[in-house]
Every structure is written in C-alpha cells, then in structure tokens.
Amino acid sequence: MNIRTRESLAGYLSLLPTFLALAAIVFYPMVNTFIHSFTKWNGATSEWIGLRNYSFIFNNGELWTLLRNNIIFVLSIPGILLLSMIVSVLLFEEVRGWKFFRSLYYIPTILSSVVVGMLMKMMFAQSGVVNQFLHAIGLSDGTLEWLARVPTAFLVLIFCFYWQTLGQGVLIFLSGLSSISNEIFESANIDGAGWWQRLMRITLPSLVPTIIYFTVTNAIYCFIGLFPLVYSVTQGGPGRETTPIDYMIYIKAFQSPGQLGYSSALSIVLFVIVLLVSWAQIRLANRFEE
Amino acid sequence: MNWKLKGISLLLLSSMAVLSACGDGNNGGNSKSSAGISSPEASPSAGESGQQKKVKLVFWNTSYPTIDQNNKTKKKEEFYIYKAIKRYEEAHPGVTVDIQDVPDGTNAITKFQTAGIAGNGPDVTNLWSGNYTMDLKAFIQPLNSYLQKSDIDSMTGWNAVTENFADEGTIYGIPDGSDGTIGILYNKKMFADAGVDPEQNYPKNANEFLEMLKKLKASGVTPVGTGEDGDFVYFLDYWFAQMVGTPGINDIVNGKMDFHNDKLVEVMKSYLQLYTDGNVKTDQHETQFFNGKVAMIFGGFNLVNDARKALGDNLGMFKIPNYSEDALVKNGGIGGTGADFVVSKSSEHPEEAVKFILFLLSKEEQVERFKDGYGKLLNIQNVDATEFTQDPLIIRQQQWASEDSTIFWPDNIYPSELSDYISSLNALVIKSQLDTSDFLSKLDQKRNEILAQK
Chain C
1 MNIRTRESLA GYLSLLPTFL ALAAIVFYPM VNTFIHSFTK WNGATSEWIG
51 LRNYSFIFNN GELWTLLRNN IIFVLSIPGI LLLSMIVSVL LFEEVRGWKF
101 FRSLYYIPTI LSSVVVGMLM KMMFAQSGVV NQFLHAIGLS DGTLEWLARV
151 PTAFLVLIFC FYWQTLGQGV LIFLSGLSSI SNEIFESANI DGAGWWQRLM
201 RITLPSLVPT IIYFTVTNAI YCFIGLFPLV YSVTQGGPGR ETTPIDYMIY
251 IKAFQSPGQL GYSSALSIVL FVIVLLVSWA QIRLANRFEE
Chain Y
1 MNWKLKGISL LLLSSMAVLS ACGDGNNGGN SKSSAGISSP EASPSAGESG
51 QQKKVKLVFW NTSYPTIDQN NKTKKKEEFY IYKAIKRYEE AHPGVTVDIQ
101 DVPDGTNAIT KFQTAGIAGN GPDVTNLWSG NYTMDLKAFI QPLNSYLQKS
151 DIDSMTGWNA VTENFADEGT IYGIPDGSDG TIGILYNKKM FADAGVDPEQ
201 NYPKNANEFL EMLKKLKASG VTPVGTGEDG DFVYFLDYWF AQMVGTPGIN
251 DIVNGKMDFH NDKLVEVMKS YLQLYTDGNV KTDQHETQFF NGKVAMIFGG
301 FNLVNDARKA LGDNLGMFKI PNYSEDALVK NGGIGGTGAD FVVSKSSEHP
351 EEAVKFILFL LSKEEQVERF KDGYGKLLNI QNVDATEFTQ DPLIIRQQQW
401 ASEDSTIFWP DNIYPSELSD YISSLNALVI KSQLDTSDFL SKLDQKRNEI
451 LAQK
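Keeping their order, the protein sequence lines are chains C and Y.
Note that the first sequence covers residues 1 to 290 in the numbering used here.
Note that the second sequence covers residues 1 to 454 in the numbering used here.
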C-alpha cells in the first residue's frame, strides 16, 4: 500500500466514526420516520397503509389551520429582526450603560423555553402581574384573559419568542457589525458622512448576510422549535388556535393511540415545508444580495 | 500496520462499540440485568435452589406524593409510599422496590409509551384508567393469569381496566382506589346569606339550578368557580351522560349517535347560560373557593380535605342537579376508578409486580394511605367509611362512589385524543368564541376522523 493510499484510507477511517454517529442519530431516524409514514404504527406493530396518512393530512383540513399558526410566527420575524438590529447598533455604538444592557438582553437566551413559558404563563394569568400592572395604571379592569382568547394568546407567544430571541439576535448582529472594517467607517467620516448615512449606506448593506442568516434560522425555528413554548404557555389552545405543526406531531404521536404513523407522515410534511421555505428564502436573499 | 492506522482502527472499534450500545433500544429491557435488577443468582435458571431469589421491581410513581409543598424538610421516608414499600420489603425478603418519581397524567402516558417502544418500561406504574390505559395495551401485560378470583371479588372498578369496559375479559390493570363522585362543594355561609339552602331545596333541573345561581349572584357573590376549560370532565360530561345514558356515550364513541343531537344541543344551551349570565369565574377557582371568593365549585373527594381545612364547618356538599326530570340517569355524578396500576411488558417479574400492586391496594394499605391524606377513597367491596373517618362529607363520598347512579368518567371512555380535543374546544365555547352547535359538530367531525383512522 503506497503512502497516498494509506493517507486516503486514514482520512476516510477518521471520518467514519462521525458518519456512523450521524447515521445512527440522524439518518436512521429520518429513514425510519419516512418508512413509518406509510404505516399504521402503534410503537409495537405496524401495518402498511400506503398513502392513507398523507391523504388524511391533506384532506381533513387541520393542516391549513396548523400552517396558518406557523405562518403567523414567521410573519413576526421582521419585528424581532428590526429590534435586534436597533439594539445591536446601539450597543455597537457603545451608548451609556452598554455593557449592562448587553448582559441584560442576553440572559433570556440562556433560559430554557419551558422556563420562559412557565414564567410568562404566570405573568399573563388572569391574576398575574401584567393584569395587576395594567389595572394599577388604569388601562384595564384587571381581568383580561390573555391566554383564553386567540389574538392575545398569540401576542403572548410572540412576546415570549421575541424575549428569548432578542439576546441571540443582538449577539449575531454584533458579530456582523464587528466584521465591518473600521477603515470604511473612517473613510466615510472623512468624506463627511453622518451617523444616519453611515447606517444606511455602510452598516445595513454590510449586514445583509447576517440578516439572511438570522431570517432563515428563525424561519426554521418558527416551524420546528415552537413546541416547548406552546406546550408550556397555551398547550396549543384555546381550541387548536395556537397549535403549530410540531405540537400537532406531539399530540398525534403521544396522545392519540396508534397514530405514530400519522405523526411520522406529518413530520415528513413539515420537513418538506421547512426545506421549501429555506430554499425560497435563500434564493430570494441571493437575488437581493446581488 | 503503523501506529497511525492502529490508532485509527482502535478509535473506530471503540466508536462502533459505543454506537452499538446505544443503538438497539431493545437492549434497554435487558439492561436491567446488567444493572443488577435480575442478577444471575436471582435468575431461576441459575438453579441455586437453596439461595433466596432476589427481585428488584422498578416502580414509576406518578401519583403518591413524595414532596410536601408546605414542609420541604420532610424526609422521603416519612411519606406514605416509602413506609408502605418498607413494610412490603420486610414482609417479602429478597424483593426490593426501586421507586422513581415521574410526572403524572398525560406526561406519564407519554413516558410510558416511549419506554414501551424502547422496551425498557418499569415493572409497575400508575396510569389513568379506561381508554388511556387501553391505548397503551401493546406495552402492558394482561393480568388475568396473575389474579385470583378472590382478588377480583374483593375490589370494585374492574370495568375501568378490562378491555371494552366489559365485566369479563382481558384485564390490563388493577383499579387504584376510587375518586368518589363529583358533586358540588359549597360555602354554607354564602348560600345562607343569599337565602339559599341547596340541601333542603335541592334544584330539580337545570332551570332551577340557574335560578339558584341568580339568587347567589344577586347577593353580591360570584356563584361558581371552574377550571379554565369549563370543567367539562366534571360537569358538562355528567349532563351529557344523563341525557343519553351510558350506552349512549358508547354509541357516540362508536359513531352510532352524534354529539350533535337535539338532547345535547339543549344541554349546551343551559351550560353556556351559566357563563353568559356571568355566574362563573375561571381564574384559580379552587383558591378562590377556599378564600371565600366564589360560592361553589365542582369537585369530588380529592378536594374535600383541602376545602375542609379552608372552610371548616362552613363547607357543604350536594350532588350536581339533574339536567332534566326526563334524564335517563338521575341523582348521580361522574366518578369511580380514574386510575389503575399496570405491569409493563418489559417487566421480567410480572408475578412479583402484581403481588406488590395487590399489597398496595389491600384494605389495610388503602386505609393507611387515606389517613396520610392521599386523594383517593377505597375501592374495596362493602367498605364502611366510618371505620377510618369521621368527616360526614367523606363518608357520604364513599357511599356515593358505590351507587349505581355514579357514571364512570366519560373522558376515560372517549378516545383520549377526543377528550383532549373536547377540553381544548370547550375553552372557546365558554368564552363565546365558538358556537355551541358548531362545537358539537366539530366533535362529531373529530370522532369520525378517529374512527376512520382505526
């Protein structure tokens, strides 16, 4: 065996453990889920039923309500994007107290979603601090049922999403801002550009890749990461009005007998949706970048 | 082979060993052996007849309290279940019970299901009875061969754990005590101030009940406290079951009758009127009742002790009024055996597991746990509650529990997905965000979907 072959072999063998781990942890469950999506499966026995699960998903009307709920969260992304950018620019400009605020904004990010959810559930309960505060300043009679009504339940969930994402967003944008060369800013200063011009002509265009990254990752999160928040705050209610697809996958898998096959099919549908959304976003972003 | 290749080969082999160890879930069941639960010495195949057989039972505790919210310094050994296990281990040398606390309710069901799929479930655990248990029968040991006729004859509630709710058939669990019968707990003083005596002038139907609430409201109090989902499983289910009878509930489940029928549409109107008339508060209803902020709540035995501590002699109890004089079932309530003990299919010691469960459910142990404040009544045949309590409301609860008019929890009869759906939609109904007729139609639609997927 010559040295080149030995080196290639060593390289492939080095990669093999990682591939084996990926195969066991990622690819095997994916393939398994795909196969089970064509079955009626209760966890112990499965029966091949072809496309029946998919037919149910697209015909029972529930998917469109679930998708609507996911899309409401996706539509809230520009808000947190803007907020993260404003805060990060302020921190980057080192406004007074920036070190304190940097820590303050980051703290919610390190909390688990369930902790955030439980906290918000208590705060927005009928006798929670939010209602007490609104009552104290004369804005309500103190009995607003935030989580029992559809628009306000969504508002609470979006508030949780914002609160938890802001720190992460600021961190991402700060790193994006740090990567912009100081020389550009200095040149702009010499040319007489003001703060606003620097922001609009240098900072924001330089941040396009960061904006794309933030938008794509959060769009994916809005499809596959909402479960812990929804589970701990609204449990998908009232009714199924705040139930996103990932929460329905849980309901079908663990609260419905023999529906693990259906749940697998719903997972595959979600996988395809996320794939399409990400692909569309990246295509659009590339065009925008050009 | 040079040192580099040797190193890589070693790394590869160790990676494969690690992956194979965590790859096959079915090994989970066998892992008990390696954990010493069933040691070679303990195995009957070891053939050491002179040696004491050692058995370790894993018990997932979903229901016995092991934390006292008011006294965090209380040691585990001071809780009933630890004392009971100690008694059992002393009486059965060689058997040890490894108790592990897991979340209760639907979380317990989820955990048991995932463990069942992986093949590493516990020997014993406690689940909700009826369809919640039957949904998991692929992972539960049928128990008929481990039970004596005398065991079955001594306890009540077997329908809740037998396939198809039949009197005889495959038994998947052992009924765990009784929840009594859901009635109305009320604040005597508030009622007296409003000039209402519910026990002397018991409302004969829904209209009289609504009139009673009107009088309470006129006296300046909030008449009713309910959960955020409108206490569907405690209250609305009872009026449903009264009007269609228990066979009717089965017909609804099987698709032979619809939720959307004249009788239930009528029930929904009266039910919604409770809310639209402003009689009900849904914010922390139990606390509000204990603090004298609402005049009544729907509840059974599980609330009597706390309510007694809060209200003392001011606490009263009466049955939920019949919806109508034409009801098929009258003067009853919802209740019975809402939970059971099961033995998982992964258990290597089902016989010992059943013995342990029967010990926990012996009359002596049920009385002991009752005295410890555990929220269940006894499911022993012909039990006399005066033997272990002086509280007249608890004595009455134990009597109610054995009456024929107590209807087994319909939410344990509906498919579990349907129960969850009803509760979530009911929250919209009581806030007038969903029309009652649409509500019933949606339930039919969901029921049909579930049947179609069977």
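You may find that some hints are simply not true.
[Stated by the list, open to error] List time: in silico PhoX-like cross-link candidates among lysine-lysine, alpha-carbon distance up to 20 Å: (1) C:121 <-> Y:431; (2) Y:54 <-> Y:72; (3) Y:204 <-> Y:330; (4) Y:376 <-> Y:363; (5) C:40 <-> Y:454; (6) C:121 <-> Y:281; (7) Y:309 <-> Y:188; (8) C:40 <-> Y:137; (9) Y:442 <-> Y:149; (10) Y:86 <-> Y:74; (11) Y:256 <-> Y:72; (12) Y:281 <-> Y:189.
By construction, these hints were calculated from the structure, which means they are not laboratory data.
Evaluated hints:
no., hint, in the structure
1, C:121 <-> Y:431, "holds, 19 Å"
2, Y:54 <-> Y:72, "violated, 34 Å"
3, Y:204 <-> Y:330, "holds, 10 Å"
4, Y:376 <-> Y:363, "holds, 13 Å"
5, C:40 <-> Y:454, "holds, 9 Å"
6, C:121 <-> Y:281, "holds, 18 Å"
7, Y:309 <-> Y:188, "holds, 14 Å"
8, C:40 <-> Y:137, "holds, 16 Å"
9, Y:442 <-> Y:149, "violated, 44 Å"
10, Y:86 <-> Y:74, "holds, 17 Å"
11, Y:256 <-> Y:72, "violated, 52 Å"
12, Y:281 <-> Y:189, "holds, 19 Å"
Hint compliance for this structure: hints 2, 9, 11 are not met, and every other hint is.
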